[in-house]
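Start from chain G and add chain V according to the hints.
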Amino acid sequence: MSGGANRKKSNRGQGWEEAGFEFYQESYPSNDVELHDVLQKDPKHLATLLPSKQNRAYATIKMRQSGTSTRTYRRQTSSKSRRESTARRASTNAEVHVSMLPDLSKSIPNEQKAWEQIMQIKELPISMTEKKKMKSDIQNAPNFRLQGYEQFKWKRRKALRRFDQKINEILSKLELWKKDLKKIEGNFGTGVVAFFLFIKWLIFLNIFIFVLIFLFIILPMIIFNPSDPTDCFEDDNSTNCCAVDYFNQSISDNLVVLDFVQGTGWMEHTLFFHGFYSNDIFTYASHAFTNYYSLPLAYVSVIVVILLVSLVAIVRSAAKGFKHRIIEGEGQFYQYCNLIFAGWDFCIHNEKAAIMKKKVIYNEVKGCLEAEKLEEEKKNRTKEERTKLIALRIFINVIEIVILIACGAAIFFVFTFSSDKRNETDDEFLSLLYGFLPSITIVFLNVAVPLIFKFLVVYEHYSPNFVINILLIRCVFLRLASLIIFYASMYTIVSCEPEDGECSNKQCGTPMCWETFVGQHIYKLALTDFATHILLTFVVNFPRSLIDKKSKSRIANFIGEQMFDLPKHVLDIIYTQTLCWLGCFYAPMLPAMFVVIFIFMFYIKKFACLVNSKPSNVIHRASRSNSMFMIILLVSFVVAMLPVAYTIGEIRPSQSCGPFRNLNTIWSFVTKAFINTPQWIQHFLDFLISAFFAIPAFIILLLCLYYYTAVNSANRHMVRILKDQLVLEGHDKQFLLERLSLFIKQQQEAQKQMRRSEGDRNAASN
Amino acid sequence: MGQGKSQFSEEELQDYEDLTYFSKKEVLYAHQKFKALAPEKVGHNKNAKLPINKMLQYPELAVNPFGERICKVFSSSRDGDCTFEDFLDMMSVFSEAAPKSVKAEHAFRIFDFDGDDMLGTSDLKQVIERLLGSNKLTEREMQHLIQNILEEADLDDDGSLSFAEFEHIIDKSSDFANAFRIRL
Chain G
1 MSGGANRKKS NRGQGWEEAG FEFYQESYPS NDVELHDVLQ KDPKHLATLL
51 PSKQNRAYAT IKMRQSGTST RTYRRQTSSK SRRESTARRA STNAEVHVSM
101 LPDLSKSIPN EQKAWEQIMQ IKELPISMTE KKKMKSDIQN APNFRLQGYE
151 QFKWKRRKAL RRFDQKINEI LSKLELWKKD LKKIEGNFGT GVVAFFLFIK
201 WLIFLNIFIF VLIFLFIILP MIIFNPSDPT DCFEDDNSTN CCAVDYFNQS
251 ISDNLVVLDF VQGTGWMEHT LFFHGFYSND IFTYASHAFT NYYSLPLAYV
301 SVIVVILLVS LVAIVRSAAK GFKHRIIEGE GQFYQYCNLI FAGWDFCIHN
351 EKAAIMKKKV IYNEVKGCLE AEKLEEEKKN RTKEERTKLI ALRIFINVIE
401 IVILIACGAA IFFVFTFSSD KRNETDDEFL SLLYGFLPSI TIVFLNVAVP
451 LIFKFLVVYE HYSPNFVINI LLIRCVFLRL ASLIIFYASM YTIVSCEPED
501 GECSNKQCGT PMCWETFVGQ HIYKLALTDF ATHILLTFVV NFPRSLIDKK
551 SKSRIANFIG EQMFDLPKHV LDIIYTQTLC WLGCFYAPML PAMFVVIFIF
601 MFYIKKFACL VNSKPSNVIH RASRSNSMFM IILLVSFVVA MLPVAYTIGE
651 IRPSQSCGPF RNLNTIWSFV TKAFINTPQW IQHFLDFLIS AFFAIPAFII
701 LLLCLYYYTA VNSANRHMVR ILKDQLVLEG HDKQFLLERL SLFIKQQQEA
751 QKQMRRSEGD RNAASN
Chain V
1 MGQGKSQFSE EELQDYEDLT YFSKKEVLYA HQKFKALAPE KVGHNKNAKL
51 PINKMLQYPE LAVNPFGERI CKVFSSSRDG DCTFEDFLDM MSVFSEAAPK
101 SVKAEHAFRI FDFDGDDMLG TSDLKQVIER LLGSNKLTER EMQHLIQNIL
151 EEADLDDDGS LSFAEFEHII DKSSDFANAF RIRL
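From first to last, the protein sequence lines stand for chains G and V. In terms of the working numbering, the first sequence has 103 at position 103, counting the first letter as 1, and numbering is strictly consecutive. In terms of the working numbering, the second sequence has 25 at position 25, counting the first letter as 1, and numbering is strictly consecutive.
Next up, chain V with everything else stripped away, as it sits in the complex:
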């Protein structure tokens, strides 16, 4: 930890502590994890920008079907490359302390592939395809499934889920907060 400490000033740590759901110790621990992805680069510059393929080596992101989406959502340059601050943001949202509403907001952005602020049928289809991986549903089953989802959640019947509708589902789902979590 001594090494990590020397890279941050007390003020920076205070900022991070105020602006995330982490304590200073956890911030430093997160930095260690970040450093482990590219020891040399981060050793040089503590806030180095790591390309997306480096980010995807983080174990939880590597196997996550939405790994690349997560990087893109949290990347400040929107292309998936992340600095340490982006990484810290990410981990803060995924931490246990983050409230459900914050998690829901990011989940919505992760699932919103085309970025139109609505989860349309194409978004849902992509989510499902990624979730199932190599196990394929037939076209009819897929249609049926999407139909069922929309039937459940699409309150205003416009064929896609708005954020408000999404949040409503999340609010009722007791599993979401548990599932949408990465232990540091």
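Chain G with its partners taken away, still in its complex shape:
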């Protein structure tokens, strides 16, 4: 709105009618014919001629009509401003002006400019024939001759681009499950696809975790292959003897399969579990040097690195979503626009899904309109109703807390019960059953209790969006609580310090190698969880969906109808990932198993989504669900990290196995290693944690934080002011346009009258 508009404004005070029609012509000389056309139809349409009202397509087409030879070089001026979308108006304006300038094509574009121009053609909303012409115009421009170094650069550019594309092509081939994703997207829209992309993301994360573990822990073990401890003298330290005891334990002659699912027997003494790893410092001589590789140190550092990497990955993803959230949050007002203009998933290609989608959008629109009414109602609620509702909500929350506590107690009880019984019984299958009892209880509660929550939440009368969130939070709470209880019951067994001369505390029932014991439990939990998914999806839900499809009766529909309940499936996946983080310390091979499980999960969930369920009647927005996934994942990560950190920092490692056998805590190994490092590193680290460094650093960080919040609030203020100004400008413009069109109308009338009177005069003179 530069140029003409400003001038208009400055003239305003003098009553610009005086400036008259000439002024208008002066401002928009090239639009003369068009202006006339528009005016013929309706002077009110004048507004469409304003530069700000034109999109680029329109401007481009017009440009091509007005100046035939300037068309390509016009973009030079606008190319820089293209990036910032706010500058669009200015650029359109610049285009208009450039079109009035003499032909610019004579100026020699250097090869870089020409290249940029060609690359920009594809952004123009014009047809391919025109694009082709533009490209050839640039390349065949009379002055576009590339010589020597320029030509070399041009060729290099082309080659680079080709190389780029080759890489992209190879990468796109690597893209997993492209077809599956397209199919899901076609039926369920982008929100659900975001979930499957999330699974994919987790798979890559776990692959990375496993590669780290494999390279630094497992591979050295395989290469150096330390021998099991065999010699134990009476006067030797007890650690060695304990290890001998542990490794020489008679391996039960259970069925291979039974051992496999429980992680006991032969499987206990494999690279799968913590206990098998050696506490040796491997040495190997190369030339004159002897190199050391300390497995315990590697073990601790790899675990720490894994946790850090996971944290960074989550936070980065969450931050991306969070940014969107904030932008959206500021424009809370855009919910209707978002719904209408970005509501349709253009990727949908299935008739039924399309009908469903229309219905969903309809519901959402209705919901939004009704939410307004609900807000009103909320305000109008009487005191009595309000107290009643609050009392009800408190009551239901109390019930839910009681349920949670009951769940915790049940898990604790089952755990102690089963470990007691298991020690007593000799029967293989009974012991298998007792072994799995805690895991089965946990998984069962995870499936059953959310149903109760769902049933109860109806009575609380929350708004629909809030219902989804609160259900999700409660379910997350349930799952994490059950894990914590599980952990606590482990802790009672594990934390007993062995007495002198003993390898493990027999009274507490601490196993010889408690790290492996914990690992086994997590392994079992993961297996049970996985089995439940398979069972639920293929044995329970699949027949249900068949019933629903085959029969039209209402009961059958009630039993069989299933929506794809996104939050529930997200929870499943995140729970699995939590187990992975928990387990990777106690069973280093676990991430590899989880990669496999996740790959299967992708197909299980795909089946659950495409075959078993119908599209949900709630809109899942890709952007919103993505940030939701990440936030829940972050919470679970913290919950998973705490026990691992506690294990490393506080609990005494078992004496008979693992890389840390003769230590008091695992972390003490790191401190020991630290003391052996060169002096300057120690000094440096000491300096880092000393008050000299920490306090100034802290203050500087605080200042930075303060500075950014200040900038932020200033910007926000500026945005508000600018917005107000925009509205004001809009009003001005409308006012001016009205006056202008009125004036033009008068002018036309006057002209007509003049012509008529002229005609009359002519007639009279004749």
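One or more of the hints may lead you astray.
[Claimed, not checked] Which chain V residues stay away from chain G? Per the calculated CB distances, all over 10 Å, these:
1) F8
2) K24
3) N53
4) D79
5) I182
[Claimed, not checked] The calculated lysine-lysine pairs, modelled on PhoX-like cross-linking and capped at a C-alpha distance of 25 Å, are:
6) K24(V) <-> K153(G)
7) K103(V) <-> K178(G)
8) K103(V) <-> K132(G)
9) K606(G) <-> K550(G)
10) K359(G) <-> K125(V)
11) K49(V) <-> K33(V)
[Unchecked claim] To give an idea of the interface, some chain G residues facing chain V are shown, with a C-beta separation under 7 Å as derived from the structure:
12) W115
13) I118
14) P125
15) M128
16) Q151
17) K155
18) Y334
19) F346
20) E351
21) A354
22) K359
23) I361
24) Y362
25) F735
26) E738
Don't read these hints as lab results, they were simulated from the structure. Built from N, CA and C at the ideal position, the CB exists for glycine as well.
Chain V alone, transformed into the frame defined by chain G:
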């Protein structure tokens, strides 16, 4: 793919690659898809013009409430009949690589039913009606909805959305780029 290759010269492919967001392979793949709509016609002439009802057989366009509008916007003859080049343009805009601004521009043209370069109330009404299909809003609800949209987005209060205003909304909508996409 061998068949497809023979229909295009290396130069043409290079042009297409430079002028769209596709690689050569994807261009050929797009041509296969285009050919599938009318194998004989396209087999004869790789750049044959397909009438709009043929174009609307493309699965994503068939169920899209704006399918016919999309064809019209991308058709070089403006009547909805598309050549392969028009189709390629269309897919290029809908591809993942196309930036938001390009998508916004085309979306604006698609939603602008009467072609006056403004999204007025009548345009909005049509957009909403098409979006909801057989589910009808009452007249009052419709008015209310349009009112709400304009309240949100119409910064200069002139009762319709200009491109600049539309782009502003799109810029803030994190879903748009995701939704306005067709995988080839």
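- Does A354(G) pass the interface check with chain V, least Cβ-Cβ distance below 7 Å? Result: holds, 4 Å to nearest chain V Cβ.
- Message: So, as I understand it, the hint says I361(G) touches chain V; can you test that by seeing if any CB pair is closer than 7 Å?
- Response: holds, 6 Å
- Message: Checking one constraint from the list: CA of K103(V) to CA of K132(G), max 25 Å. Satisfied?
- Response: At roughly 20 Å apart (the allowed maximum being 25 Å), K132(G) and K103(V) satisfy the hint.
- Classify the hint on F735(G) as holds or violated, based on whether any CB of chain V lies nearer than 7 Å to its CB. violated, 11 Å
- Hint check, M128(G) versus chain V [nearest Cβ-Cβ separation less than 7 Å]: Hint holds; M128(G) Cβ to chain V Cβ min 3 Å, cut 7 Å.
- Item | Interface hint status, E738(G) versus chain V (Cβ within 7 Å) | Hint on E738(G): violated, closest Cβ of chain V at ~10 Å, above 7 Å.
- Let me know if the C-beta of P125(G) comes in closer than 7 Å to any C-beta of chain V, holds or violated. Holds, about 5 Å.
- Query: Do the alpha carbons of K24(V) and K153(G) lie within 25 Å of each other, as the hint requires?
  - Reply: Answer holds: K24(V) to K153(G) is near 23 Å, not above 25 Å.
- Query: Against chain V, is K359(G) within 7 Å by beta-carbon distance?
  - Reply: holds, 6 Å
- Would the pair K49(V) and K33(V) pass a check requiring their Cα atoms to be no farther apart than 25 Å? Since the Cα atoms of K49(V) and K33(V) sit roughly 14 Å apart, the hinted pair holds (cutoff 25 Å).
- Item | Interface hint compliance - Q151(G) to chain V, C-beta minimum distance less than 7 Å | violated, 17 Å
- Item | No chain G beta carbon within 10 Å of K24(V)'s | Label violated. Min Cβ-Cβ 8 Å, cutoff 10 Å.
The structure fails to meet hints 2, 5, 12, 16, 17, 25, 26 from the earlier list, while all remaining hints are met.
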